[in-house]
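Chemist: Make the full structure from the sequences, and use the hints.
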Amino acid sequence: NIYRFVEEKGMHPFQAAIEGTREIGLAVLATTLSLMAVFVPIGFMQGIVGRFMSSFGLTASFAILVSLIVSFTLTPMLAARLIKPREDEDTEKRTAPVGDGEAAQSGGDETLEAHYEEPLTNHDEEPAQKTHSAKDSWFYSKIDNTYTWLLKFSMAHRWLVVLACVLVFLSIIPLFMFVGKNFLPVDDQAQYEVSVRAPEGYSLPATAQLFERIATEIRKIPGVTDTLITVGGGQQGVVNNGSIYVKLSDIKERDKSQEQLMSDTRELLNKNFANLNLRTGVQPVQAFSGGGFRNANVQFLIAGPDLKKLEEVSNQLLEKMKTIPDAVDVDSTLISGKPEVQLEINRDIAADLGVRVGDVSQALNTLVAGQEATTFNEGTDQYEVHVRAINNYRTDVEGLKRLVVPSAKLGAVTLDRLIEVKEGTGPSSVERVNRQRQVTLLANTRPSGSATSITGEIDKFVKELNLPAGYTTGYVGQSKELGKSLFYFALAITLSFIFMYIVLAAQFESFIHPVTILLTLPLSIPFGIISLLATGQTVNIFSGLGLLLLFGVVKKNAILQIDHTNTLRERGMNRYDAIIQANRDRLRPILMTTIALVAGMIPLVVSTGAGAGTNRSIGVLVVGGQSLCLLLTLLAVPVFYSLFDDASEWRIFGRANDLSRRIFGGLRRKIAGAASAIVSKQ
Numbered sequence: 002n003i004y005r006f007v008e009e010k011g012m013h014p015f016q017a018a019i020e021g022t023r024e025i026g027l028a029v030l031a032t033t034l035s036l037m038a039v040f041v042p043i044g045f046m047q048g049i050v051g052r053f054m055s056s057f058g059l060t061a062s063f064a065i066l067v068s069l070i071v072s073f074t075l076t077p078m079l080a081a082r083l084i085k086p087r088e089d090e091d092t093e094k095r096t097a098p099v100g101d102g103e104a105a106q107s108g109g110d111e112t113l114e115a116h117y118e119e120p121l122t123n124h125d126e127e128p129a130q131k132t133h134s135a136k137d138s139w140f141y142s143k144i145d146n147t148y149t150w151l152l153k154f155s156m157a158h159r160w161l162v163v164l165a166c167v168l169v170f171l172s173i174i175p176l177f178m179f180v181g182k183n184f185l186p187v188d189d190q191a192q193y194e195v196s197v198r199a200p201e202g203y204s205l206p207a208t209a210q211l212f213e214r215i216a217t218e219i220r221k222i223p224g225v226t227d228t229l230i231t232v233g234g235g236q237q238g239v240v241n242n243g244s245i246y247v248k249l250s251d252i253k254e255r256d257k258s259q260e261q262l263m264s265d266t267r268e269l270l271n272k273n274f275a276n277l278n279l280r281t282g283v284q285p286v287q288a289f290s291g292g293g294f295r296n297a298n299v300q301f302l303i304a305g306p307d308l309k310k311l312e313e314v315s316n317q318l319l320e321k322m323k324t325i326p327d328a329v330d331v332d333s334t335l336i337s338g339k340p341e342v343q344l345e346i347n348r349d350i351a352a353d354l355g356v357r358v359g360d361v362s363q364a365l366n367t368l369v370a371g372q373e374a375t376t377f378n379e380g381t382d383q384y385e386v387h388v389r390a391i392n393n394y395r396t397d398v399e400g401l402k403r404l405v406v407p408s409a410k411l412g413a414v415t416l417d418r419l420i421e422v423k424e425g426t427g428p429s430s431v432e433r434v435n436r437q438r439q440v441t442l443l444a445n446t447r448p449s450g451s452a453t454s455i456t457g458e459i460d461k462f463v464k465e466l467n468l469p470a471g472y473t474t475g476y477v478g479q480s481k482e483l484g485k486s487l488f489y490f491a492l493a494i495t496l497s498f499i500f501m502y503i504v505l506a507a508q509f510e511s512f513i514h515p516v517t518i519l520l521t522l523p524l525s526i527p528f529g530i531i532s533l534l535a536t537g538q539t540v541n542i543f544s545g546l547g548l549l550l551l552f553g554v555v556k557k558n559a560i561l562q563i564d565h566t567n568t569l570r571e572r573g574m575n576r577y578d579a580i581i582q583a584n585r586d587r588l589r590p591i592l593m594t595t596i597a598l599v600a601g602m603i604p605l606v607v608s609t610g611a612g613a614g615t616n617r618s619i620g621v622l623v624v625g626g627q628s629l630c631l632l633l634t635l636l637a638v639p640v641f642y643s644l645f646d647d648a649s650e651w652r653i654f655g656r657a658n659d660l661s662r663r664i665f666g667g668l669r670r671k672i673a674g675a676a677s678a679i680v681s682k683q
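Throughout, the numbering used here is defined as the position within the sequence shown, counted from one, plus 1.
Just so you know, these hints were derived from the structure itself, not from any lab. Be careful, since some hints might not be right.
Stated by the list, open to error - No farther apart than 30 angstroms at their CA atoms in a straight line, the calculated lysine-lysine pairs in the DSS-like style are these: (1) 257 to 182; (2) 310 to 323; (3) 410 to 423; (4) 481 to 182; (5) 182 to 10.
Stated by the list, open to error - Beta-carbon label-pair distances, calculated as ranges: (6) 257 to 168: 19 to 27 angstroms; (7) 59 to 384: 45 to 53 angstroms; (8) 45 to 371: 48 to 56 angstroms; (9) 371 to 326: 44 to 52 angstroms; (10) 460 to 434: 18 to 26 angstroms.
Heads up, the beta-carbon is just placed ideally off N, CA and C, and yes, glycines get one too.
Modeler: Structure follows, in structure tokens:
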């Protein structure tokens, strides 16, 4: 704006710095405060997504606030000293240079006031003296002429622009349903893990040998450099369960992506180890855990009182989940088929012998599972001492029968007089949540798949099952956090709209003009989603952050357009001419800031390596959304402005505008005076 004052109005750079800052000072303030209104709610988001975003939101808000100070101090000071005056004969006649010396002190204020009251030159009128301007270049003149024609056409056919905006707005729903939605973006970190559970009955050495065979085959895949085997880990220490960590070469040194290599690993397991009845899963190494039991993308929980009913329902749902196109590595935490010995107590005989069932349970728990009896101290070390029966009485059915339990009548009796032994199978472990037995169904998403499409199908299947009373369902892990993140982002966007409306209403002294600006924000959403679809990206917590950033950029353009339109109308222009002139004047700074933003985001879009997926989720949405929606918003803002200005003539809106002027008018004048005083004193 300072450069425009020097170039078009012939002001000296020092005066132009003051006048240019004064003219757009309120627009800068409104842009800054409304941009802070976008990022401040992010700083107070809850849940795991809040842990990610709170530091970003608060840091961005503080940096934006500092940029306001810079724009009112450092920027005009540098512009006044670095921008060269226009070289034409009447420059000194029109504006006396303001600087050091008595002439500047005596004539500066009068010249300053004169030029502030001078109306802006109309581009449609031939100036008195033709001077060369950057806008007269062949390239920009083509852009300016084309935009002017489109602008005049839009103002002449406002209903056509409104219809286009309505169609774009309505396209949000189908596009949002079509695009994939995951909690985290797909990021090539040159590593992934393979979880494997061998059939029940495998010993630790047998499981370790099996894992070594699998790891050897995985290392043969081009791009795999190292593997690390872990067997029997975790709190439960299940000997037939473990994982294989797979390290890949750098992304620049291999032809396939991490997702493609993960798909190759799944095919290898299904082809070479299908006859072993393994339960496998291939998933990225998670940066954090969202709760739940494994690092699967989708985790669905079923809880209830009857374990057999849970097994029946989970098996039915498991078979249906395998038919979902986006679901791979479908599995369940309920592992049945573990060999076991079932001891059935004859209660009549136990009563005759004076043996209580609780005593039998306690004896078996102590003698078979073991129980802490005392502690042993050796120096500074302390050891727990557990007591249980020797190996022959714990691993053999005949040995179990010879175990002794207390009797109220005989003192002690052997178990063979009370029990009937049956061999069978059962679950390897029983998991509980809120004291209810539960089963968790697990699934990963295929490459370019969507976690929400899987959860949507699961919800349909659950409705078809008609679970009886007492059984509950729900999502855990990343699936639960995905739903919470969508809620928190919706809340942040809602608060941002409210705060932006308050700031803009104060800046424009109107309850209607802020609506014009905020209407442009939903128009950018479909273009952002289209850019995600075109690049194979998904909606996730980082693309949600990019959407909020996109809102801030699009809103800035609308503020510049409307603020300058109001300024020209205050100087006496009629509405139509002011709209055309203001949008032509603001076209160049809008294009400059947009191109600068897109250029700054391009490294994020084209980046490779670890973390590139996260960067790309933000960059693609901002670059694509801003670039694609730019023309529509440049045409929609003046159309909406004129329509709402017509509506302001209605009595109800007229009273509302009068009220807003009384509330915010004094504040506006004080801020403008303060900004001008700050710049003048530099």
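Chemist: Each hint needs a verdict: does it hold in this structure or not?
Modeler: Here is what the structure says about each hint:
1. 257 to 182: Roughly 24 angstroms between the alpha carbons, so the hint for residue 257 and residue 182 holds.
2. 310 to 323: 20 angstroms, holds
3. 410 to 423: With Cα atoms ~27 angstroms apart, residue 410 and residue 423 stay inside 30 angstroms; holds.
4. 481 to 182: Judged against 30 angstroms, a Cα distance of about 13 angstroms means the pair holds.
5. 182 to 10: 52 angstroms, violated
6. 257 to 168: 19 to 27 angstroms: 40 angstroms, violated
7. 59 to 384: 45 to 53 angstroms: 50 angstroms, holds
8. 45 to 371: 48 to 56 angstroms: 50 angstroms, holds
9. 371 to 326: 44 to 52 angstroms: Holds - the Cβ-Cβ distance for residue 371 and residue 326, about 49 angstroms, lies within 44 to 52 angstroms.
10. 460 to 434: 18 to 26 angstroms: 19 angstroms, holds
Violation of the numbered hints given earlier is confined to hints 5, 6; the remaining hints are satisfied by the structure.
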